[in-house]
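There are 2 protein chains.
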Amino acid sequence: MNLSKRVIAMQASPIRKLIPMAQQAKKRGIHVYHLNIGQPDIETPKVFFDAITHENIKVLKYALSQGEPELIHSIQNYFMKDGIHFDDDEIIVTNGGSEALIFALTAICDVGDEILVPEPFYTNYNSFVQQTGVIARPITTSPSTGFHLPSYEDIVSRITPKTKLILFSNPGNPTGTVYTMAELEMLKRIALEKDLFLISDEVYRKLVFDGEVAPSLGMIKGIEDRSVIIESVSKRYSSCGARIGSVQSKNKDLMKSILKLAQARLSVSTINQIGATQLYLLDDDNVAATRDEYQKRRDIVLSELRQIPGLKFETPKGAFYIIVTLPVKDAEEYVKWMLSEYNYENETVMLAPAEDFYVNKSLGKSQVRIAYVLESVQLKRAMQIVKYSLIEYAKIEKNS
Amino acid sequence: MNLSKRVIAMQASPIRKLIPMAQQAKKRGIHVYHLNIGQPDIETPKVFFDAITHENIKVLKYALSQGEPELIHSIQNYFMKDGIHFDDDEIIVTNGGSEALIFALTAICDVGDEILVPEPFYTNYNSFVQQTGVIARPITTSPSTGFHLPSYEDIVSRITPKTKLILFSNPGNPTGTVYTMAELEMLKRIALEKDLFLISDEVYRKLVFDGEVAPSLGMIKGIEDRSVIIESVSKRYSSCGARIGSVQSKNKDLMKSILKLAQARLSVSTINQIGATQLYLLDDDNVAATRDEYQKRRDIVLSELRQIPGLKFETPKGAFYIIVTLPVKDAEEYVKWMLSEYNYENETVMLAPAEDFYVNKSLGKSQVRIAYVLESVQLKRAMQIVKYSLIEYAKIEKNS
Numbered sequence: 140m141n142l143s144k145r146v147i148a149m150q151a152s153p154i155r156k157l158i159p160m161a162q163q164a165k166k167r168g169i170h171v172y173h174l175n176i177g178q179p180d181i182e183t184p185k186v187f188f189d190a191i192t193h194e195n196i197k198v199l200k201y202a203l204s205q206g207e208p209e210l211i212h213s214i215q216n217y218f219m220k221d222g223i224h225f226d227d228d229e230i231i232v233t234n235g236g237s238e239a240l241i242f243a244l245t246a247i248c249d250v251g252d253e254i255l256v257p258e259p260f261y262t263n264y265n266s267f268v269q270q271t272g273v274i275a276r277p278i279t280t281s282p283s284t285g286f287h288l289p290s291y292e293d294i295v296s297r298i299t300p301k302t303k304l305i306l307f308s309n310p311g312n313p314t315g316t317v318y319t320m321a322e323l324e325m326l327k328r329i330a331l332e333k334d335l336f337l338i339s340d341e342v343y344r345k346l347v348f349d350g351e352v353a354p355s356l357g358m359i360k361g362i363e364d365r366s367v368i369i370e371s372v373s374k375r376y377s378s379c380g381a382r383i384g385s386v387q388s389k390n391k392d393l394m395k396s397i398l399k400l401a402q403a404r405l406s407v408s409t410i411n412q413i414g415a416t417q418l419y420l421l422d423d424d425n426v427a428a429t430r431d432e433y434q435k436r437r438d439i440v441l442s443e444l445r446q447i448p449g450l451k452f453e454t455p456k457g458a459f460y461i462i463v464t465l466p467v468k469d470a471e472e473y474v475k476w477m478l479s480e481y482n483y484e485n486e487t488v489m490l491a492p493a494e495d496f497y498v499n500k501s502l503g504k505s506q507v508r509i510a511y512v513l514e515s516v517q518l519k520r521a522m523q524i525v526k527y528s529l530i531e532y533a534k535i536e537k538n539s
Numbered sequence: 140m141n142l143s144k145r146v147i148a149m150q151a152s153p154i155r156k157l158i159p160m161a162q163q164a165k166k167r168g169i170h171v172y173h174l175n176i177g178q179p180d181i182e183t184p185k186v187f188f189d190a191i192t193h194e195n196i197k198v199l200k201y202a203l204s205q206g207e208p209e210l211i212h213s214i215q216n217y218f219m220k221d222g223i224h225f226d227d228d229e230i231i232v233t234n235g236g237s238e239a240l241i242f243a244l245t246a247i248c249d250v251g252d253e254i255l256v257p258e259p260f261y262t263n264y265n266s267f268v269q270q271t272g273v274i275a276r277p278i279t280t281s282p283s284t285g286f287h288l289p290s291y292e293d294i295v296s297r298i299t300p301k302t303k304l305i306l307f308s309n310p311g312n313p314t315g316t317v318y319t320m321a322e323l324e325m326l327k328r329i330a331l332e333k334d335l336f337l338i339s340d341e342v343y344r345k346l347v348f349d350g351e352v353a354p355s356l357g358m359i360k361g362i363e364d365r366s367v368i369i370e371s372v373s374k375r376y377s378s379c380g381a382r383i384g385s386v387q388s389k390n391k392d393l394m395k396s397i398l399k400l401a402q403a404r405l406s407v408s409t410i411n412q413i414g415a416t417q418l419y420l421l422d423d424d425n426v427a428a429t430r431d432e433y434q435k436r437r438d439i440v441l442s443e444l445r446q447i448p449g450l451k452f453e454t455p456k457g458a459f460y461i462i463v464t465l466p467v468k469d470a471e472e473y474v475k476w477m478l479s480e481y482n483y484e485n486e487t488v489m490l491a492p493a494e495d496f497y498v499n500k501s502l503g504k505s506q507v508r509i510a511y512v513l514e515s516v517q518l519k520r521a522m523q524i525v526k527y528s529l530i531e532y533a534k535i536e537k538n539s
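Chains as they are written, first to last, in this note's numbering: chain A, 140 to 539; chain B, 140 to 539.
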C-alpha cells in the first residue's frame with residue numbers, strides 16, 4: 140500500500156511548516172507578529188462583496204470552464220491600459236495564480252522535462268514541478284546584484300535538450316526585484332534562440348515603488364506565441380481568499396490544451412468571479428493607494444534594518460518582500476528559536492527561513508524573507524523585536 | 140516549441156464538446172432543452188448566501204490549506220449521522236470533487252501506475268488520470284445487469300502489479316446504479332487480497348430512490364486505511380458553482396501527502412467555505428425534498444421512455460442520470476443531428492453521447508446519458524421531443 144513517491148518527495152511549505160510552533164507560542168500567551176506569509180492586512184475593496192450581494196443568485200450554477208465572460212472582459216481591460224491585447228480565448232480564469240501555473244506547466248511539459256527558474260524563487264514553484272513530474276533547474280542570482288539576472292552566457296549554459304521554458308516572477312517573490320526591459324529582452328533572445336516558452340508570474344505587478352514600473356512580458360514583441368502571463372487578484376487587490384487567478388497567452392494551441400485542463404475540473408467559483416470582475420475595473424487610484432502603503436512600509440523596514448548591525452540586504456523595488464542575510468549560521472534555527480524560546484515583553488516575530496526558496500539550499504542558509512504585510516505601528520514594533528532578538532541570539536550562538 | 144503530449148492526448152469533454160452546436164441552434168431561434176449536463180435547476184439553499192452576507196468580511200484572507208475548521212466540523216457532522224467518524228485531519232477541503240479526485244490520484248499513484256474503474260464512468264476521470272500520468276483500466280459493466288459489478292474473478296483478472304486502486308462512483312454517474320453492501324464487501328475482499336486502495340466518489344449519496352440507501356465506503360470496517368471518500372456540495376445541495384468538495388480518509392500518511400498538495404495551492408475560496416458550512420448543517424428534510432423531486436423526475440423520464448419503441452434501459456436507483464440504448468447506429472451522430480438539423484415546433488433537446496463514458500468506446504456507441512435536471516413540465520416536453528425525433532431519425536437512417 141505504497142503512496143506516490145512524487146508527493147512524498149515534495150517538501151513541506153517553508154512558509155507554513157513552522158506554523159505549529161507559532162500556535163504553541165500563542166498558547167503560552169506570546170503575541171506573534173506574522174511577517175512570514177504574504178497575507179496583507181489591507182481591506183478588500185468593498186465592490187467585491189457588493190457585486191456578489193447585488194447579483195441575488197437563486198441557483199449557484201457552474202461557471203463556464205474558461206471563466207465568465209464579464210471577468211474575462213474585465214481582465215482584458217486591465218491589460219489594455221498597458222497596450223496589451225488579449226482575445227477572449229487567450230485568457231482562462233483559474234483557482235488563483237497557483238492553478239494558472241500548474242495548468243501552464245502541465246500543458247507545456249511532459250514528465251521529465253526541465254524548466255529554468257531564477258533562484259531564490261517562490262517556494263511553491265517547487266511543489267508544482269514535483270507534482271507535474273517536471274525538473275526545476277536554478278538560475279542562481281545573488282543579493283550583491285539585487286537578485287537581477289546573470290549574463291546571457293550564464294543562463295544559456297544551463298539549457299539542455301530537455302529544457303522547455305523559463306519561469307520567473309516579476310516583481311519577484313521573495314526578492315522584491317523588478318526586472319528591467321533589458322532583462323526581458325535578454326530572455327526574449329534566449330527563448331527565440333533556444334526554442335523556449337517564457338512564463339512570467341505577474342501577480343505583484345503594479346506594486347512597484349519609487350515611481351518605477353515593472354514591464355509586463357506582454358509588452359515584449361515578437362515572442363507572443365512563447366509568452367505566458369500568470370495573473371491573480373490576491374495581492375494587488377488584497378483578495379487572497381477569493382482564489383481568482385488567470386493564465387494569458389496568445390499561443391492558441393497552448394490555450395486549447397489549458398482549456399482541456401480547465402474543462403476537466405469544470406469551473407472556478409461563480410461568486411468569486413462576480414466579485415473579481417469589479418476588482419479589475421477599479422480605477423488606477425485604488426491600486427496606487429495600495430502601492431503607496433507598501434512603499435511606506437518598505438521604508439519603515441529598511442529604516443529599522445539599517446539600525447541592526449551585521450545585516451546584508453538591498454532595497455526591494457516591488458512586491459512586499461525583502462530577503463535579508465542575517466549574522467547567524469542557520470536562519471531556520473533562529474526562526475525556530477524566536478518562536479519557541481524568545482520573547483520580548485511577551486511578543487515575538489515569525490519570519491520565513493529562506494533556504495527553501497533555493498534549489499541550492501546552502502545559498503539561503505543565513506537568509507530570511509520578511510513580508511511587510513502589517514500596518515506601520517505593528518511593523519515598526521515587530522522590526523524592533525527582530526533587532527533585540529538578534530542581539531540575544533548572537534550571545535547564544537557565541538556560547539554554543 | 141512542442142506542447143505536452145499528455146494534455147494533447149486528453150479528450151475534449153463529451154458533455155461539453157457539442158455545446159458550440161447548441162449555441163448555433165439557439166442563434167437560429169431554436170430552444171434547446173439541456174439534458175446533457177448535471178447542472179440542476181433546484182434552488183441553492185438560502186442559508187448559503189445568508190451566511191456569507193452576515194460574515195461581514197473586511198479582509199478576504201487565505202483560508203487554511205486543509206479547509207476552515209467550521210466547514211470540517213460541519214462535514215464531520217454529515218458523516219456522523221451514518222456513524223462514520225473522521226478526525227479533523229482526516230478531512231481536507233478541495234476545489235470541488237474534481238480537485239479531491241486529482242489529489243487522491245496524485246498522492247497514491249506514480250506515473251505509469253494503473254487504476255481500475257467500472258465503465259461506463261464519469262468522463263472526467265479520463266482527464267484526471269491523463270493529467271496525472273496514470274492509466275485507467277476498465278471493469279466492464281452491462282446495461283443488462285443494471286451496470287452492477289461483475290464477479291470477483293472478473294475484477295481480479297484485470298489486476299496487474301501496477302494496479303494501485305479501484306475508483307468508482309456510488310450512486311453512479313452516468314448510470315444511476317447504487318452498489319449494494321455485498322458489492323462493497325467484494326471490493327473490500329479484493330482490496331485486502333491485492334493490496335489496493337478504494338476511492339468511492341459519493342457526491343450523489345443521499346440522492347437515492349424508492350426508499351433505498353447507498354452505503355458509504357466509510358461503513359465498511361477493516362479497510363479504513365485503504366478507503367478514500369470523495370465529497371461535494373454540488374449535487375446534493377444544488378451548489379455546483381460553489382466548487383466545494385472534500386477528500387476523506389483515515390489513512391494518516393495519505394492525508395499528509397494530500398495536505399502537501401493542498402498547501403502548494405494555498406487554499407480554497409474563503410466565502411464559499413462559509414456558505415458550504417451551512418449546507419452540511421441543513422436538516423435531513425432538505426436533502427429528502429431534493430431527493431423526492433429527482434425521484435419524481437426519474438419517474439417522468441421512465442414513463443416517457445416506455446412509450447418509445449426500440450429503447451433499452453434499466454430503472455436507475457440514484458443520482459439523476461439514466462443511460463439509454465437508442466435504436467440508432469451512432470448516438471453521437473443522432474445528438475449532433477438533433478442540434479444541427481432537427482427541431483419540433485422550434486425546440487430540440489441536447490443529450491450526452493455515452494461512448495466517451497467508456498474506455499471500450501464501442502460499448503457505448505448507441506447509448507446516451509439523460510440528466511433529468513429540469514422541472515417536470517419542461518422535462519416531459521423534452522422527452523416527447525426525443526420521442527418525435529427518434530421516429531424522424533429512423534427514417535433518415537433507413538434511407539442512408
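In case anyone wonders, no lab produced these hints; they're calculated from the structure.
One thing to keep in mind: the hints can contain errors.
Each pair may be met inside one copy or between any two copies, as identical chains are not told apart.
Once the Cα atoms are required to be at most 25 angstroms apart in a straight line, the calculated DMTMM-like pairs of lysine to aspartate or glutamate come out as [to be verified]:
{"hint": "1", "residue 1": "Lys185", "residue 2": "Glu207"}
{"hint": "2", "residue 1": "Lys537", "residue 2": "Glu253"}
{"hint": "3", "residue 1": "Lys165", "residue 2": "Asp227"}
{"hint": "4", "residue 1": "Lys166", "residue 2": "Asp423"}
{"hint": "5", "residue 1": "Lys144", "residue 2": "Asp293"}
{"hint": "6", "residue 1": "Lys144", "residue 2": "Glu253"}
{"hint": "7", "residue 1": "Lys451", "residue 2": "Glu209"}
{"hint": "8", "residue 1": "Lys301", "residue 2": "Asp249"}
{"hint": "9", "residue 1": "Lys504", "residue 2": "Asp424"}
{"hint": "10", "residue 1": "Lys200", "residue 2": "Asp189"}
{"hint": "11", "residue 1": "Lys144", "residue 2": "Asp249"}
{"hint": "12", "residue 1": "Lys391", "residue 2": "Glu432"}
So, going through the hints one by one against the coordinates:
1. In this homomeric assembly, lysine 185 and glutamate 207 come within 25 angstroms of each other (Cα to Cα) both inside a single copy, at 21 angstroms, and across copies, at 23 angstroms.
2. Taking identical chains as interchangeable, the C-alpha atoms of lysine 537 and glutamate 253 are never at most 25 angstroms apart, the minima being 43 angstroms within one chain and 56 angstroms between chains.
3. In this homomeric assembly, lysine 165 and aspartate 227 come within 25 angstroms of each other (Cα to Cα) only across copies, at 20 angstroms, whereas the closest approach inside a single copy is 48 angstroms.
4. Within a single copy, lysine 166 and aspartate 423 get their C-alpha atoms no closer than 43 angstroms, and across copies no closer than 38 angstroms, so neither meets the 25 angstroms cut-off.
5. Proximity of lysine 144 to aspartate 293 under the C-alpha cut-off of 25 angstroms is found in neither arrangement, the shortest distances being 33 angstroms within a copy and 30 angstroms between copies.
6. For a Cα distance limit of 25 angstroms, the shortest separation of lysine 144 from glutamate 253 qualifies both inside one copy, at 19 angstroms, and across copies, at 15 angstroms.
7. In this assembly of identical chains, lysine 451 and glutamate 209 lie within 25 angstroms of each other by CA distance neither inside one copy nor across copies; the values are 46 angstroms within and 43 angstroms between.
8. Taking the shortest Cα distances, lysine 301 and aspartate 249 sit within 25 angstroms of each other both inside one copy (10 angstroms) and across copies (21 angstroms).
9. Taking identical chains as interchangeable, the C-alpha atoms of lysine 504 and aspartate 424 are never at most 25 angstroms apart, the minima being 40 angstroms within one chain and 58 angstroms between chains.
10. For the identical chains of this complex, lysine 200 and aspartate 189 are neighbours both inside a copy (19 angstroms) and across copies (17 angstroms), given an alpha-carbon limit of 25 angstroms.
11. With identical chains, the CA atoms of lysine 144 and aspartate 249 are at most 25 angstroms apart both within one copy (17 angstroms) and between copies (6 angstroms).
12. Within a single copy, lysine 391 and glutamate 432 get their C-alpha atoms no closer than 38 angstroms, and across copies no closer than 43 angstroms, so neither meets the 25 angstroms cut-off.
The structure is inconsistent with the numbered hints 2, 4, 5, 7, 9, 12, although it conforms to all the rest.
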